Structure formats: structure tokens, C-alpha cells
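Based on these hints, arrange chain B on the given structure of chain A.
So the sequence lines, in the order shown, correspond to chains A and B.
Each residue of the first sequence is one higher than the last, beginning at 31 in the numbering used here.
Each residue of the second sequence is one higher than the last, beginning at 2 in the numbering used here.
Hints in this document: simulated from the structure, not taken from any laboratory.
Predicted model only: the values in this text are computed from it and were never measured.
Careful: at least some of the hints might be erroneous.
[Stated by the list, open to error] Under 8 Å between C-beta atoms, here's a sample of chain A residues computed to sit facing chain B:
1. Val57
2. Gly68
3. Val103
4. Leu150
5. Phe161
[Said to hold, decoys possible] The calculated lysine-lysine pairs, modelled on DSSO-like cross-linking and capped at a C-alpha distance of 27 Å, are:
6. Lys56/A with Lys67/A
7. Lys86/A with Lys37/B
8. Lys67/B with Lys56/A
[Said to hold, decoys possible] Covered stretches of chain B (chain A as the covering partner; in silico rule of three or more C-beta atoms under 8 Å from a C-beta of chain A):
9. 25 to 39
10. 48 to 60
11. 79 to 85
12. 217 to 224
All residues carry an ideal CB built from backbone N, CA and C; glycine is no exception.
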Amino acid sequence: MNILKRYSSILIPSTLLALLLWGGLKVCRVDLTVIIKGIPRGIELFSHMFPPDWGKIPGLIEPALETLQIAFVGTVLGGFLSFFIGLVAAKNIHSIRTLRDTVRVLLSAERALPDLIVMLFFVAIVGLGAFPGVMALVASSVGMLGKLFADAIEEVDPRPLESLEALGATKAQIIHFAVLPQILPSLVANTLYRFEVNIRMSILLGVVGAGGIGFYLVTSIRLMRYQEAMAAILIILVLVTLCEKSAEIIRKRIIGQEILR
Amino acid sequence: MKHLNVTSPYRRWYRHSALPVGIFLILLLWSLIDLKISPRLFLEGIPHFFNLVGEMFPPNWEVFWKGKILWSILETLSMAFVGTFLGAIVAFFFGIFGASDLSPSPLLREVTKRLLAAERAIPPLIYILLLVVVIGLGPFAGMIVIALGTIGMLGKLFAEAIETIDPKPLESLESAGANKLQIIRYAVLPQVIPSLIANTLYRFDINLRVALFLGVVGGGGVGVDLQMAMSLFRYADALAITVVTLIVIWVAERISDYLRRKVIGQEILQ
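Okay, chain A solo, but in the shape it has when bound (with noise of 0.2 Å):
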């Protein structure tokens, strides 16, 4: 009785939750059957992947390059914009309410937009190619480091502030001389993670229109080339973990020493 007791609170949502796990089996199509037939499949494709098409990585290059450099100015563009859009969104800029209202609101918007929607309504207004890319991931940085810039701002000791403004320093020179030093290590760490979200963005991006290795590689994969889609995944694991370790390696500097001071 006491066991019953104890699990009947819970018995209700497990219920509801199997149900719905039934449901999304069902819609999802999901049959094991067919797993064990792919698995004959997959052995294949890997067997058409190997050797890798090595002649192909010196093409390879330049996809990969444009990549890198899509991620690249749509994170330093975004990271730019953010630092003045934070400022507007900040409290203690002593900026016009309804302004800072607004910004925020925007930027939480943004955030609920899916990249997807955002990348292909920027393909939709100025065609296919690195541009919509850049502006969607100037888009989303924009949305996030926006926010986490304008709360960092918020939190910023307020006495060097005070300090200049008895001086009668004007607003330039209070944010360059009592905000930027305080945040500047914040702002770098956060646009450099920002960045490796980045450049897992830009691989995808390159399917929906943004050109580069993304869509090299359904290209290859689309016409059955395995040996040139399997040079394309090195690329593509390679480009990832080079931008991540260097990310990682300039964060560690820039926390370690203390900048500015």
C-alpha cells in the first residue's frame, strides 16, 4: 500500500509520457527492421568511402577556406555590433528606456528564430553565396552576444563610472575608460565561443545556399562520389578541431593574463 502510494504521484506523467513516446515512434517511422538491413548498406558505403580520395584535398582548400572565412567575418561583424547594441541594452549607459526596451525585445525575438529561417529569408532577399551566409551568422551572433554583452555591461563596477562622470568625462570616454576594461575579457571569451558555434554553423549553412565545404560535401554525397565526400568529412573534422583548439588557446591567454590592468 505504501509502495503505491509512493509511486502514484508519478504514475500520471509516465503514463502521459509513454504515450506520447508511442506516438512519436509511430510518426517517426521508426522499424528496426530497417537498421538491420542498413547495416549490410553501411558496411558497403564504408567500403566505397576507403580509401579516401586524397588527390582531391588541395581542391578541397578553398571550400574550406570560404568556410572558415564566412564564420570568421559573421563573428567578428556580430561580436562589433553587439558590443553597441549591449550598450543600448545596458542599464547603467543611462540609455532612453523605451530604446533599451525595444533592443532587448528584438534580440530575444531573434533568439527564438531558428538559424534555418533566418538563413533562408537572408538567400531569399540577396540570392545565393557568402553574403546571406555572413548576415545569418551575423543574425544569431547578434541575438546572443547582444544579450550576454548588455548583462555583462550591467555588472560592471559602478565606482570608476561614478568616479569619471563627477570628472565630467562624457559618455565615449566613461565606456572606453570605466566599461571596456572591465568587460573587454568577457566580451573576447564570449565571441570566441561564439565563434566555434560559428563555424559549425557555416558547414550548415553551405547546404542551405552559403556555398563552401557544407555543400561540397552533399554534392559529392548526392552523386555518389564516396572516396571525394570521405576527403571532404577529414576536411571538415579537421577545419573543426584546428578552429576549437585555437579558440581554446587564445581564451586561455586572454583569462590568464589579466588585460588592461
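Same frame as chain A, but now just chain B:
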């Protein structure tokens, strides 16, 4: 006040950072030129933007009666839900094998951690493209990719959560002669379940977006319908699909938000 009479905190920084900042600026300039990005492109886009908005309105709600768009949205939702659920269950075992205080052997723990790190390093695009070749187009392939991504992230988080529990209940059960299963059930689970569920719900939010994207590359769901509508210039259809998809995602996120708050507040199983 023209000159501020304070020593610039930047002076030292300028000296140390001239080289890295110079390299950074050269890289940026090179990328901008190489990608042919200019303010002109942006300005040219503005009239296109208004054209696009003009063509999108009014949204064409008819699109939901003709095709199977609503079913596709349900597919996207199911992929995210089932993928998160199955992924979280597998991730729980990875978490136990990967945690230093519970893992049966250091070797197994090392292998588990390496596997999880490898999974996180591989972009989902690669999995979905290969899986579509192996098991065909559709939501099943998308669901598997979502489950894999979930295992990679949650496995690591679960292991870390298990490693940071209070060891005292564990030790007292151990000295009382409890077996491994009993220890997990009575000493580990009560401590980690709230964070497990909260992290799983958080991953569900991410997976909704992943599911939308996977549609484009053959993973089933509404992503491909949206992309088709856009590339066929059926912008009024695209807007209608976008609006309904966003509403569904928004509702799903609110539900997961509500559950997360409930779970974190109460201490289950204690």
C-alpha cells in the same frame, strides 16, 4: 574636458597587442575582399527586402489544406521528442560509465569519455548525409542523428553531474553491503535526477531547431517544405509555414520551460 588626466590603461596593452591585432585586421580585410562583401551588397538588399515582404503578405493559409504540412510539423516535433528521449536514456548509461566514482573500470571510463568527445566533434551534417544513404530519407534517420547529438552532450553533462554528488550516502550504502544497482537507485539517482531532467529539457529545445534543419538534408519534417516553398518563390506559402512552425516550437519550449522549473523546484524521490 578634452584631455583626461589619467594614465591610459590601454598603453601597456597597445604595446603587447600590436602584432596580434595587426594580424587580426589583415585576416579580416582579406576575408572581406575574398568573400566579396561590401556595403553595396547590403544596400542593394534593402529594396529586395521590401519586395519580399510585399510578396509574403497575406500569408497563404490554404497551404495547410492542400498538402501534408501539418503532418510534417508533427514529424519535426516527434523527431525532436523521440530523439531527445532515447538519447537521454543512452546518455544516462554513458554518464554512469564515464563518472569517476561509479565507473566499473578506469579503462571503460576513458573509452566512454573518448567516444563522447569524438561524437561531439563530428557535425550532425555528416551523420545525416551518411544515414540517409544507409537507411533512406525520412524522420527515422533524422531521429537517430538527434539522438546521437543528445548522447554526445548529455553523456558528458550526466557524467559530470554524477561526479559532483555528495559521496556520503554512496559510502554508507557501500559499507552496508549494497550492490551497485542499489547504490545507483538510492544514493545517486535522488541527487542527480533534477539536473538530469533539466539538462534533457534544455537539449530538447536545441533539438527542435536541429530537427528543423535536418529536414533540408533528408531527415524528414517541415524543414524541407519550408525550403521548397522559398526556392520556388512561393513566399506567401513560406510565411504561413514559418508562422505555424514558430508557434508550435514556441509552445513546445514553453512546456519544457514549465517542466524544468517544476523539476528544479521540487526534490523528487526523496
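Task: Given hint Lys56/A paired with Lys67/B - CA-CA distance at most 27 Å - done: Measuring from Cα to Cα gives roughly 23 Å; hence the hint holds.
Task: Residue hint Phe161/A, partner chain B, criterion CB-CB below 8 Å - done: holds (5 Å)
- [ ] Count the residues of the segment 79 to 85 of chain B whose CB lies closer than 8 Å to any CB of chain A, then report whether that count reaches three.
- [x] holds (count 4)
Open item on the list: Against the 27 Å threshold, does the CA-CA distance of Lys86/A and Lys37/B hold or violate the hint?
Closed with: With Cα atoms ~25 Å apart, Lys86/A and Lys37/B stay inside 27 Å; holds.
TODO: Report holds or violated for chain A covering the segment 48 to 60 of chain B, Cβ cut-off 8 Å, minimum 3 residues.
DONE: This one holds; 3 residues, not fewer than the three required, reach chain A with a Cβ under 8 Å.
- [ ] Confirm or reject the coverage of the segment 217 to 224 of chain B by chain A under the rule of 3 or more residues with a beta carbon closer than 8 Å to the chain's beta carbons.
- [x] With 4 residues close enough to chain A, the hint holds.
TODO: Classify the hint on Val103/A as holds or violated, based on whether any CB of chain B lies nearer than 8 Å to its CB.
DONE: It holds, given that the least Cβ distance between Val103/A and chain B is near 5 Å, below 8 Å.
Task: Status of the hint placing Gly68/A at chain B (closest C-beta pair under 8 Å) - done: holds (4 Å)
Task: chain A covers the segment 25 to 39 of chain B, three or more CB atoms within 8 Å, holds or violated - done: Satisfied; 8 residues make the cut.
Task: Given hint Lys67/A paired with Lys56/A - CA-CA distance at most 27 Å - done: The given pair, whose Cα atoms are some 19 Å apart, holds under the 27 Å limit.
Open item on the list: A closest beta-carbon separation below 8 Å is what the hint needs, so does Leu150/A meet it against chain B?
Closed with: holds (5 Å)
Open item on the list: A closest beta-carbon separation below 8 Å is what the hint needs, so does Val57/A meet it against chain B?
Closed with: holds (4 Å)
Checked against the numbered hints above, the structure violates none of them.
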